[in-house]
Amino acid sequence: MERPDPKQVLGRLLGPGEREVGCDECFAELDRYVELELAGADANAAVPGLRAHLSGCPACREDYESLRALVGGGHAS
Amino acid sequence: METPLDTESQEWLRDLRATGSVHDTAVARLHTLLLRAARVEVRRRRPTLPHLRGDDLEDVAVQAANDALMSVLAHLDDFRGLSRFTTWVYKFGLYEAAVKLRRLSWQGRELPLEPESWEVLASSLASPEQEAEQSELLTSVTRAIDEMLTPQQRKVLVALAVNGVPIDVLADRLGTTRGALYKTLHDARAKLRRHLAANGLMGETKEL
Numbered sequence: 001m002e003r004p005d006p007k008q009v010l011g012r013l014l015g016p017g018e019r020e021v022g023c024d025e026c027f028a029e030l031d032r033y034v035e036l037e038l039a040g041a042d043a044n045a046a047v048p049g050l051r052a053h054l055s056g057c058p059a060c061r062e063d064y065e066s067l068r069a070l071v072g073g074g075h076a077s
Numbered sequence: 078m079e080t081p082l083d084t085e086s087q088e089w090l091r092d093l094r095a096t097g098s099v100h101d102t103a104v105a106r107l108h109t110l111l112l113r114a115a116r117v118e119v120r121r122r123r124p125t126l127p128h129l130r131g132d133d134l135e136d137v138a139v140q141a142a143n144d145a146l147m148s149v150l151a152h153l154d155d156f157r158g159l160s161r162f163t164t165w166v167y168k169f170g171l172y173e174a175a176v177k178l179r180r181l182s183w184q185g186r187e188l189p190l191e192p193e194s195w196e197v198l199a200s201s202l203a204s205p206e207q208e209a210e211q212s213e214l215l216t217s218v219t220r221a222i223d224e225m226l227t228p229q230q231r232k233v234l235v236a237l238a239v240n241g242v243p244i245d246v247l248a249d250r251l252g253t254t255r256g257a258l259y260k261t262l263h264d265a266r267a268k269l270r271r272h273l274a275a276n277g278l279m280g281e282t283k284e285l
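Quick mapping for you: the protein sequence lines, in order, are chains D and R.
Be aware that the first sequence starts at 1, since it is given in this note's numbering, and climbs by one per residue.
Be aware that the second sequence starts at 78, since it is given in this note's numbering, and climbs by one per residue.
Next up, chain D with everything else stripped away, as it sits in the complex (with noise of 0.2 angstroms):
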C-alpha cells in the first residue's frame, strides 16, 4: 500500500484552523462565492470562513468545485 504523505494526514485530521461556516451555511452561500470567484471579486471576504470550509470538507469542496466548472465552464481554483 502507498505511503500516505504525513503532511496530509496532518491537515485532514487537524483541519483549517481558523474560523469556518458549516455545512448548511456552505451550501446556502456557495451559488454567491462561486458567481463572485467568477466575477474576480474578492468572495473570501463577501464570504467569511467558506474558503477555510472548503478546504477541511472533501464533500463540500467537491460540490463547489462542480459548480464553479459548470456555471464557468472551466476548473475550480
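No lab work stands behind these hints, which were simulated from the structure alone.
One or more of the hints may lead you astray.
Here are the simulated DSSO-like cross-link-like pairs (lysine-lysine), alpha carbons at most 27 angstroms apart as the crow flies [to be verified]:
#1 K7(D) with K268(R)
#2 K232(R) with K7(D)
#3 K268(R) with K232(R)
#4 K260(R) with K7(D)
#5 K260(R) with K232(R)
Remember, predicted model here, so these are calculated numbers, not experimental data.
Fit chain R to the supplied structure of chain D, relying on the hints for placement.
Just chain R now, with coordinates in the frame of chain D:
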C-alpha cells in the same frame, strides 16, 4: 440588504409561482436545468463507479433531478437574488447527484470506523525520512486522539479524516446529518489543536 433581482431571475420566480400552464412549463424547464446539472455530475464521477451501467447512471441522474426539483420548489422563498437563479438551481442538482453517487460508491461496503484503522495509519506514517518535528507532532496527535477525544469524536475523525469515508455516507449509517457530523469533526479538530497549542507543538489558531 435587499438585492434587486435580475430580469431572468424575476421571470423564473414569476412563472414558477404562477398557476396552470405557465407554472407547468416553468417546472418542466426547471427540471431540464436540474437534469443537465445531475448528468454533468454523473459524467464527472463515472470513473469511480465502474460497476454501474449507463442506464443505471442515467436513472441516478433522473432521480437526482426529480429530488432536486422538489427541493428547489420547497426553498423558492430562500432565493435572495445574490446569484443568478440558474446558478442557485444548479447547486441543488449537483448536490443531489453527488450525494446519490457517493452512497452508491460505498453501497455494500463496511465502513472502517474502528480505532485500529488509525493505529495502522500511525505506524505506516512513521518513516525514517520524516522530519523530526513532524514526527513529534504526529506522535502527539496520535496520543491526543486516544486520550482527548470522546469515542464518538474518535469514530467520526477516523472515518472521515483517516479512512476517507464520504460524510454523507457516514451520516446515513449513523442516522445523522452532514451538518451535525461536520460539527463533531470540527469540535474534535479544535480539541486536538488546543491540546497541541497548550503543549507548545503548534501555534494558536484563529478560531479557538
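Here is what the structure says about each hint:
1. Taking the CA atoms of K7(D) and K268(R), the gap is about 19 angstroms. The hint holds against a cut of 27 angstroms.
2. With a CA separation close to 21 angstroms, the supplied pair K232(R) and K7(D) stays within the 27 angstroms bound.
3. For a cut-off of 27 angstroms, the pair hint linking K268(R) to K232(R) stands: about 15 angstroms separates their Cα positions.
4. At most 27 angstroms may separate the alpha-carbon atoms for a hinted pair to count; K260(R) and K7(D) meet this at roughly 23 angstroms.
5. Among the hinted pairs, K260(R) with K232(R) is consistent with the structure: their alpha-carbon atoms are about 13 angstroms apart, no more than 27 angstroms.
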